[in-house]
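Just so you know, the protein sequences line up as chains A, B and C, in that order. Heads up: the first sequence runs through residues 0 to 295, numbered per numbering that gives the first Met the number 0. Heads up: the second sequence runs through residues 0 to 380, numbered per numbering that gives the first Met the number 0. Heads up: the third sequence runs through residues 0 to 100, numbered per numbering that gives the first Met the number 0.
Because the hints were derived from the structure by calculation, they are not lab data. Some hints could be false.
Facing chain B, from chain A, some residues (calculated, C-beta under 10 angstroms) [as the list claims (entries may be wrong)]:
hint : residue
1    : THR40
2    : ALA52
3    : PRO60
4    : GLU106
5    : ARG107
6    : MET157
7    : GLY229
Some chain C residues flagged as far from chain B (calculated, every beta-carbon gap over 12 angstroms) [said to hold, decoys possible]:
hint : residue
8    : ILE14
9    : VAL15
10   : LYS17
11   : GLY26
12   : LYS42
13   : CYS46
14   : ASN93
15   : PRO95
No residue lacks a Cβ here, since even glycine has one placed at the ideal position from N, Cα and C.
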Amino acid sequence: MTYMLKGTAACPGCPIPRELDMILEITGKNSIVVIPASCSTVIMGTDSTGQPAEVTVVHTPFAAAASVATGIEEALETQGKEATVIVWAGDGSTSDIGLATVSGAAERNENIMYVCYDNEAYMNTGVQRSGLTPRGAWSTTTPEGKTEFKKPLPFIMMEHKVPYVATLSIAYTFDYQSKVKKAASMKGFRYLHLLSPCPPGWRFDASKTIELAKLAVDTGIWPLMEYEKGVLKLTGPSAMLVNKARRKPLDEYLNLQGRFKNISQEKKEELEQDIDALWNEIALRAALSKQFGAQT
Amino acid sequence: MNMEKLTAMEGNYAVAFAVKQAKPSILSVYPITPQTTMLEKLAEYVEKGELKARLIKVESEHSVLATIYGASLAGARVFTATASQGLLYMGEMIYWAGGARVPLVAAIATRAIGAPWSIWDDHQDIMAMRDTAWIQMLAENVQEAYDLTLLAFRISEDKQVLMPAMLGFDGFILTHTMERLDPLEDADVDAFIPKRDFALIDPNKPMGLGAVAGPDTYITYKEKSKEILERAKQRAKSIMQEYGELTKRTYDLLECYKCDDADYIAVAMGAWTGDAKEAIDALRQKGIKAGLAKVTMFRPFPKEDILKCIAGRDVVVFDRAYSYGSSGMLALEVKNALFGTTSKVHSVIAGLGGRDVRPEEIAKCIEDLGNNRLEDERWLL
Amino acid sequence: MTNNTDAEIAEEMQIVGKAMPSTGSSGKTGSWRTEMPVIDYEKCTKCDTCVMLCVENVISKDTERKPVIDYEYCKGCGVCADVCPVKAISMVKNNPEGNKQ
């Protein structure tokens, strides 16, 4: 049963309608999707054209989504009504302007499923950099390539000690949907972070969306992880990639994207070091969480 | 009046008490001077189970209004309170809720706005929100703060209104001052404010709420908001009438105090209207026939009531806020209402940042109006 | 006004920014494309990869479980051709009226 209708305003090759649908297939018709200002706001149509979704959608200002979702969920709970409240927010809303809101909802362990679809820039307003734009990437506000790092949102959410944090990629659909199923069966603040390749923003041929979502995982720049009750582990193909030799060369991922076309050798090396450091951190966190055991 | 019930309370506690009786199910409040003791009292009520509600302690005022907006969409009766910087911080959501037309009640412990920092009373914060399509009322004393809280819940949820409502009560002057309070019985409040049965979200009727509206439809929503607020005036009057039958305290959008035979009329709103009434009485002792048009509901503005009450007399409007580069906001509203009549409207700007304004100073302004010695705009520094 | 029922009042009050579910909310998006996907059913193994990964949700299965593309809405992005494990889908010059196989 799918809940997204065809003929959307999404760019050709944009994975957003499919990514959202793969979640709604599991959470069902009682889903209430809370959408802050983002590409999805536009994809959801207008009052005149109608919306391409057969579930309740609540639009909110940029920074407000996690709190509006909180209010909806708390109200429905006091009324004894069943519904899954989902936030479907971009990286701009999640990591920048709405970070305090997300952090507050996580700290209070609100019973919402927060999904950040990360296309790594403020795409809706024309590709300006966000806190989640990776080092070296072109954007209209970083034409020479971003010098700062990509905020480690999944780790930040793990530090809030919420029941569930996972990273996802649409190229690995079994991993994707099993994580959504698990999150949907739990209570409390569940955080899903999916890498969402963007053809016009990352500058690649629209047909390569899934290929890039796959290469991101296979080169190690986007590890598939799952953090559940204090225990961190790698999932799917990422489980084998602790061994650096098994990761595909980063160039395979970068060369397909126009936004990395002019990346300097220096920045590329920094980027590679970022990835090595990331995998060391994952190994450390996974070992620590095993040592200290699961939280109940 | 039940002498056994008659009590005395600080403004913050009186509003908290009214909220408890109104039985909202979701509260979200962020502490800010001078509202904090209200929040603490509400937290106490919730912890002790005297108020069966959830108090969601979010991390900022912006999230406060986002949270109660969401809860109201889902059908909950909601409440919050804030002031000054906090009200501005939730400003974006105040506009959103006003535009979306959901019933909400917010108590504003009015306070000056920085820069420079000030924790003391004036009306700049509540006036800053006058364009948001919210209903706005101001209280003269603690009893009114209590009564207007109950009225705000009832009016905002009226099926022909369904708009958010804020009530202002002066920071420190009312919030932290103990005055007599004659509260209603719980059962009477239950009857006056029936259980809320209006929600905008229904999982069985999937749709988008607050989606993009293009240039051809946006203005139609706004015109409808205007229409609804016009209608809210009549509904508010009718509801206030009902309240008066219940309590023997009848409110109106405008209270005309000794205006019938007055030669000069002062217009004001908020706590200092009590001082203004004292000034009127003192002037009358001296043989000067003065009156006070006390504005209880500032939005929607009671143009017709002002016109009827002032009826050609000269006026001095007291503003506890200012629109820099222009004039006092209440003065502008009154001038607009009296346009085309023979009334001359003078403006006094006073009390900003909590500067104390005594009845004698108010009386002097009215006296000067009578003696042609009042400027078009006078600032009491 | 005062005599209306609650439902009539809510209707009259007009929900702000109400967007009803609808197919083709952005029009007949098939008109966007410059290329179009064509399925070679000889090669097709009915693995459903294209059905699952079509980002616009325009590929459905017929009664024989063969994938069928809705050319009214297909934007011609080429993802289906890219992901097909047996390369049964090719992107060809656009025929606005769709594939007349």
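Evaluation of the provided hints:
{"no.": "1", "hint": "THR40", "in the structure": "holds, 7 angstroms"}
{"no.": "2", "hint": "ALA52", "in the structure": "holds, 7 angstroms"}
{"no.": "3", "hint": "PRO60", "in the structure": "holds, 5 angstroms"}
{"no.": "4", "hint": "GLU106", "in the structure": "holds, 8 angstroms"}
{"no.": "5", "hint": "ARG107", "in the structure": "holds, 7 angstroms"}
{"no.": "6", "hint": "MET157", "in the structure": "violated, 19 angstroms"}
{"no.": "7", "hint": "GLY229", "in the structure": "violated, 23 angstroms"}
{"no.": "8", "hint": "ILE14", "in the structure": "violated, 6 angstroms"}
{"no.": "9", "hint": "VAL15", "in the structure": "violated, 5 angstroms"}
{"no.": "10", "hint": "LYS17", "in the structure": "violated, 6 angstroms"}
{"no.": "11", "hint": "GLY26", "in the structure": "holds, 14 angstroms"}
{"no.": "12", "hint": "LYS42", "in the structure": "holds, 39 angstroms"}
{"no.": "13", "hint": "CYS46", "in the structure": "holds, 32 angstroms"}
{"no.": "14", "hint": "ASN93", "in the structure": "holds, 29 angstroms"}
{"no.": "15", "hint": "PRO95", "in the structure": "holds, 27 angstroms"}
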